[in-house]
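**Student:** Take these sequences, add in the hints, and give me the full structure.
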Amino acid sequence: MLYRDQYAALSHDHPDYASDGEHEQYPLTEDGRQPTPPARPGHSRRYRWVVVAVLAQVVYTVLVLVVVRQFYYKRVCVSLAAPDSLGAWKVLKYSEVDADHREPDEHHPFLGAPGPSVDRNWHELLSTFRDRLPSAEIKRLGIEEGSIWLDDDLGGYYGNHCLHRLMDALKCHPDMSPITQHWVVNEVVPVVNWDGARHTCANWDHVVDWAKKNRIVPAGKASIPEVAPHPLYAKFINERGKADFVNKDAIIEWDLLWARPDWQEFARERGIPEGTIPPKEMLRNKHVG
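Going by full-length UniProt numbering, the first residue of the sequence shown is number 1, and it counts up by one from there.
It is worth saying that the hints were derived from the structure and are not from the lab.
Quick reminder that beta carbons are idealized off the backbone N, C-alpha and C, glycines included.
Subject to a maximum C-alpha distance of 25 Å in a straight line, what follows is the list of computed BS3-like cross-link-like pairs (lysine-lysine):
1. Lys280 <-> Lys235
2. Lys90 <-> Lys171
3. Lys213 <-> Lys90
4. Lys93 <-> Lys171
5. Lys280 <-> Lys139
6. Lys90 <-> Lys212
7. Lys139 <-> Lys212
8. Lys139 <-> Lys213
9. Lys213 <-> Lys93
10. Lys139 <-> Lys90
11. Lys93 <-> Lys212
12. Lys280 <-> Lys248
13. Lys235 <-> Lys248
14. Lys242 <-> Lys280
Label-pair restraints from in silico Cβ distances:
15. Arg240 <-> Pro261: 19 to 25 Å
16. Pro174 <-> Lys93: 17 to 23 Å
17. His206 <-> Trp49: 47 to 53 Å
18. Pro231 <-> Arg198: 48 to 54 Å
19. Leu92 <-> Arg198: 15 to 21 Å
20. His199 <-> Trp89: 15 to 21 Å
21. Leu283 <-> Gln57: 54 to 60 Å
22. Val188 <-> Leu92: 39 to 45 Å
**Tutor:** Next up, the structure:
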């Protein structure tokens, strides 16, 4: 039988306070219960240090990723340097292919003498990339003021990729794959080896499929004037954008326009002086998407 006065409590820092590594047995309390062993401060202290170490590692990892993204990957990854909310960059699927710099022959779909086939191919290529952009993306880019709102059930804004855009693409995304030179028997200077090295290209079919899904035509409209009526001339041109005061290059012939009675009435209602070109402020986009 154990007597209470046979035991004396020791503080944790007492030299006689120790553990043999086995489960400690403590005298029962007066009501017959086994008392809870005293908490050892070393365990909680080590736990706190483990938590602090893990949090520090997480913070360090995040900082490294942010710095690498900002100062390295932005230089080599266009989806980081110019992100979008459309998921357009995700469409690009890259693969390594053999370089093909051979001079195109007469069967090339986009080159050769002007004709119905070449014209049709270029029209299909360029019209495919007349796409709708959501209002949220236009606002994010800060170009809502100068963009054209598509006035139909689908809405959105109009973006046109033209030849100038293709030229910019060449300058912004140059192909750094090397092209070597070699000797030929009929020339005394080195000649470009057009076979070149393998280089990385995007899957063009994926790009075209994405553009077709987002272009204006699926809205059920046949032409730009139907979905994007001109703020000044919409009532004076037909659904194809044609009128007697519009030349073959879609340029306004001012004398012909000013001579129209309906334009004269329109100009008076809007305070446009007779025989003057309308101010650019009247073209400002009034839509709030």
